[in-house]
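Construct the entire structure; sequences and hints are all you get.
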Amino acid sequence: MTTSTAAADGRMRTVVYDDAICRAFSIATIVWGAVALLLGTLVAAQLSHWQANTDLSWLSFGRLRPLHTNAAIFAFVGNMMFAGIYYSTQRLLKARMASDALSWFNFWGWQVIIVAAAVTLPLGLTQGKEYAELIWPIDIAIAVVWVAFAVNFFWTIARRNEPNLYVALWFYIATIVTVAVLHITNSLALPTSWIHSYPIWGGVQDALVQWWYGHNAVAFFLTTPILGIMYYFLPKAAERPVYSYRLSVVHFWSLVFIYIWAGPHHLLYTALPDWAQTLGMIFSIMLWAPSWGGMLNGLLTLRGAWDKLRTDPVIKFFIVAVTFYGMSTFEGPLLSIKSVSALGHYTDWIIGHVHGGALGWNGFMALGMLYWMVPRLWNTKLYSVKMAETHFWIATVGILMYIVSMWVSGVSQGLFWRALDGDGYLKYPDFIEGLVASRAMYQMRLIGGLLFFLSYLLGIYNLAATILQGSRSRVEVQVPAMATEAAGKAGRLIFSPPVLFSALVIALSVLLGVTNLLASPLVLGLLCVAVAAAGLSFAINRDRWGKWHDLIEQNGLAFTVLVLVAILIGGVVQIIPTVVITEKVPEQVRAYEAEVQPAGAEDDPVMAEQARWMQQPYSPLELAGRDIYISEGCFNCHSQMVRPLRHEVLRYGDYSRLEESLLDHPFQWGSKRTGPDLARVGGKYANLWHYLHFMDPRSTSPESNMPAYDHLKTGTVDFDVVRGRMQTLVRLGVPYSDEELRRAAQDGLSQGQLIREDLAKQSVRLAPDSELAALIAYMQRLGRGPQPIEAAEMARGGQ
Amino acid sequence: MFQQFFQDSPLLVWPLVGLAVFLLSFIAVLLHVAFGLRDRRKRDHIASLPLDDENGGASR
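Sequences listed follow chains A and B, in order. Here the first sequence stands for residues 82 to 880, where the numbers follow the numbering used here. Here the second sequence stands for residues 646 to 705, where the numbers follow the numbering used here.
What the hints contain is simulated information worked out from the structure, not anything from laboratory work. Bear in mind that the values here come from a model prediction, so they are computed numbers and not experimental data. Don't be surprised by glycine CBs; every beta carbon is placed ideally from N, CA and C. There could be a bad hint or two in this list.
Said to hold, decoys possible - Quick partial rundown of chain A residues pointing at chain B, CB under 10 Å, derived from the structure:
#  : residue
1  : 247
2  : 248
3  : 317
4  : 321
5  : 330
6  : 582
7  : 647
8  : 653
9  : 655
10 : 657
11 : 718
Below, the structure is given as structure tokens:
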């Protein structure tokens, strides 16, 4: 049996694996996968044929797209990840999960969360942050379920019967720790009611935290757990060990360390400070190396199974999955280069890139894993190998059509938007031209997605038939019992030379940072001495240096702490400076204005510039409009961030400044331009134009694929609710005066009245407190200062 | 340029400290892989953990 001896005390233990939980998660994966794909084809159809938005507000693109992404990430990949982790962890640790109750709490909790998401998102209940849309009570539920999973996992590690933690488990540990940190930090919010909240971060802070989260959701939810699954299931399928265990060690540590820094590559050329953009770009490019190390390790593991390639569909799925992992992790760093991002950002290229990861890497890994694991969990053979082969080929064709069409449409959008004529003006000033040019590609994407979905139905049939013909497995093994982790080892680890040395170097580096003497000769000298001493110690006693990682590997707690440190560094050094630096800006500007402006002396050009761009709070009606904008998911198609590039300034107006959105909770910079940027749309059109456009976008823009929002005409704004929200914003630093709070309803109605009167001149009737009036007020405010409401005030007899 | 970069805020030295910590850890991992993992038998044992997990199992 096993060759591990170190901690075995000679006794044998009988272990019965909990496969019921793996079966449950497998079935959930299969079901939710179909839902995610169906939603995907529906939103793809809405983009190519606007009619697919139907007349039902809860089926419109802005609300369904988040449901699609959440279903794909958290329901499909989430359940797949749990299935794989529960299956492999028990076997790698030679122990049953510590608590069946916690396992089932994890399972049912997760399914309830998914159902809650499926109910709330179509209703327009959202936080407006991509991949973190779910409202705060659901966020808390996610945290609770995740903690239950973590407790169960680490408890199982503590009760394991195998001293060494295999590399797959490291990836799981990194996943558990990091997702917890990401989720909590990004979800920090102040509730205004049971179903609504504002994030504590504002503007650029929110942008940085959001994309630190967003990018690392890709990294630690969609990549590290799947890599762990790869390191377990690929050797299983190929029936040979991983190609290089050494490479997997380097792969793991460099990936975990580097990934967490890369978030700002989603914000290149935005108002995020340059230093953070540069860091994000550099680390994203570095990321290419470890990613490809992992890909090669996977492919070379499968190399020994080429002979099975023709007979075993599992190997086929895995090979394509790993190849897509390689493709996505090459494309990612490429897109992180600033000049490439200038072309590709906001276009369909990014959508193609994401689907290479989600359908190609995650989807094919999930399918390979299911085709391998389901027959074993039900103690039978796969119902039809032929059908699985057919599934494989149709899905591959589908995904290729998807990626090619999005690449073509994305690159041509980028080129359309930036094309200048001989005189240096926009060649295609009308945004819609780019959209019209993409239409054929949108149709091709829809067909590709449909193929993937249909082939998936074939897979469901095959797996269901497999399940029906089998009977539940019961796996029982005899393993040598291992004593629980020896306490003495921790001491040995702490006092081993590498740990002492690392601690010293970190302390000196921190000292360097604290004193801010980058060239401080003394500290630098100490650092040199430390390195020399370490070299000497290493030369004398190589063995002890070599042992440190073994000790860590055998000590789950030490390992977890190290991973936590590794992932915290990247986040902390980006987020804390940004938050600290921007936190005080609004106050400083106000102080400056109070002090300098009356005297008329603009002696500080930096402050004067900041004051010029500093955002003023929204009026009650505008704030209500903004909340509708968020709730309808307009940000799924519109950005609010003009980049400092000539063609953007020509098209949309002056580039966006950091100060302009500092009071925005949440920020709405957006990530995709299916429609034009809206940062400066205020004043561009008359109220009537907006009215007609929202009632039926085709009436003003015949080729548009924007959904109609006529239901907003009958919706009413409750200004008491708005006042409550303004009060919450005050606690987050938005400077509403008591007077403004008191007059919220009055001011809101006055401003709505102005819009009503303006439209009435053109024989259009709109209630002043309708949601549509609020949205129009918000549109007209964008890119401009506070809009006058005094007409109505004058009617009251002035101030 | 360097000076200009840092006059914005003293906090910006921290990314560099973080980078230094990363490089050192990376070197440490390389050392471990090069020297700590020289024992082939041990490596093979760990690498084959996924394969020897169901001996004596009822299925298969």
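Outcome of the hint check:
{"no.": "1", "hint": "247", "in the structure": "holds, 4 Å"}
{"no.": "2", "hint": "248", "in the structure": "holds, 8 Å"}
{"no.": "3", "hint": "317", "in the structure": "holds, 6 Å"}
{"no.": "4", "hint": "321", "in the structure": "holds, 8 Å"}
{"no.": "5", "hint": "330", "in the structure": "holds, 5 Å"}
{"no.": "6", "hint": "582", "in the structure": "holds, 9 Å"}
{"no.": "7", "hint": "647", "in the structure": "holds, 7 Å"}
{"no.": "8", "hint": "653", "in the structure": "holds, 8 Å"}
{"no.": "9", "hint": "655", "in the structure": "holds, 7 Å"}
{"no.": "10", "hint": "657", "in the structure": "holds, 7 Å"}
{"no.": "11", "hint": "718", "in the structure": "violated, 34 Å"}
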